[in-house]
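Trainee: With the sequences and hints as input, model every part of the structure.
In our numbering, the protein residues as written are 6 to 65.
The hints are simulated quantities; they were obtained by calculation from the structure and are not laboratory data. Treat the hints with care, since some could be wrong.
Unchecked claim - Here are the simulated SDA-like cross-link-like pairs (lysine to any residue), alpha carbons at most 25 Å apart as the crow flies:
#  : residue 1 : residue 2
1  : K10       : A23
2  : K10       : T20
3  : K10       : I25
4  : K11       : R21
5  : K10       : V24
6  : K11       : V24
7  : K11       : M26
8  : K11       : A23
9  : K11       : V22
10 : K11       : I25
11 : K10       : V22
12 : K10       : R21
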Amino acid sequence: MNPSKKDEYVWVHQTRVAVIMARTVLIAAVAGTTTPRTAGRRIATTTTLTSATTTSVFVS
6 MNPSKKDEYV WVHQTRVAVI MARTVLIAAV AGTTTPRTAG RRIATTTTLT
56 SATTTSVFVS
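Mentor: Here it is in structure tokens:
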């Protein structure tokens, strides 16, 4: 059974999003030691964008 191209695309996209989120959280955590307010805002923005992107993949 071969996965369809769409399933493959979704899997790759989810993996990429997970890596980007992990990197962003790590950077924000490091930056958060000096500027917690800015880092918190950055995490919130990134999470919102990621949710919107992931949702659009599943809907389409």
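Trainee: Hint by hint, note whether the structure agrees.
Mentor: Each hint tested on the structure:
no. : hint      : in the structure
1   : K10 / A23 : holds (20 Å)
2   : K10 / T20 : holds (15 Å)
3   : K10 / I25 : holds (22 Å)
4   : K11 / R21 : holds (15 Å)
5   : K10 / V24 : holds (21 Å)
6   : K11 / V24 : holds (20 Å)
7   : K11 / M26 : holds (22 Å)
8   : K11 / A23 : holds (18 Å)
9   : K11 / V22 : holds (16 Å)
10  : K11 / I25 : holds (21 Å)
11  : K10 / V22 : holds (18 Å)
12  : K10 / R21 : holds (16 Å)
Going down the numbered hints, you'll see the structure goes against none, and every one checks out.
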